[in-house]
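Student: Under this note's numbering, the first residue of the sequence shown is numbered 1, with each subsequent residue one higher.
Keep in mind that the hints were calculated from the coordinates and are not lab data. Honestly, I wouldn't trust all of these hints.
[Stated by the list, open to error] BS3-like cross-link-like pairs, simulated, lysine-lysine; straight-line CA separation at most 25 Å:
#1 K80 <-> K109
#2 K134 <-> K80
#3 K80 <-> K111
#4 K134 <-> K8
#5 K109 <-> K34
#6 K109 <-> K134
#7 K8 <-> K80
#8 K8 <-> K109
[Unchecked claim] Simulated DEER-style distance windows between Cβ atoms:
#9 K80 <-> G127: 36 to 44 Å
#10 D126 <-> D97: 18 to 26 Å
#11 E133 <-> K109: 19 to 27 Å
#12 L129 <-> D19: 16 to 24 Å
#13 D57 <-> A106: 30 to 38 Å
#14 K80 <-> L15: 28 to 36 Å
#15 V83 <-> R56: 31 to 39 Å
#16 A107 <-> R128: 20 to 28 Å
#17 D21 <-> G54: 33 to 41 Å
#18 K109 <-> K8: 30 to 38 Å
Since this is a predicted model, take the numbers as computed values, not measurements. Glycine is no exception: its CB is placed at the ideal position from the N, C-alpha and C atoms.
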Amino acid sequence: DDVVPHDKLAVQHLLAVIDADDSIDLAGGIYPRKVTMEPIVAKDNGAKTGVWWGWRDGHAEQVYMTGTGFLIIRMASLAKIPVTDGRYFEVGDRTTDDFFFADWCAASKLKWYAAGNVVCDQIDLDGRLHQVEKAIPDFGEDGNDDGIPVEELFPGAEVIGVEETECKTD
């Protein structure tokens, strides 16, 4: 897989985050999962299966993790991660090596930042393009067409709890 940033200065943006504060250990860009295209970024450990959308303000903010495909790590910080058990990353249905690595970093008290101004696409081995912008669901509640219809985003899923309403003016 390839992770391709939108901005040709994306690496410099990540470096600027790390250079701004010596206590920051990691800085990651925002890119999508391949299946649902939702961004791989979690604000806290409890959000392992959820998405933190606060990155959309374009600022750098401390998070639990981002995807590891477009990540800068302070070299001195790697020594703080005690990898002594010889295991490889464990993955599950919704967790990836990204989350496993984040658990190691959290246990080592490392500070991880998401750079909201570094947005990337992901291209899988079959050449399919995955764009994080397409993960913003449009539930039709505000009348704007600023996202992908939820039925298209999750084919075959049943949409419940969203009633069609008719706009009336007084």
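Student: Going through the numbered hints above, which ones does this structure break? Give me the numbers in ascending order.
Tutor: Violated: hints 2, 5, 6, 7, 8, 11, 12, 13, 14, 16, 17.
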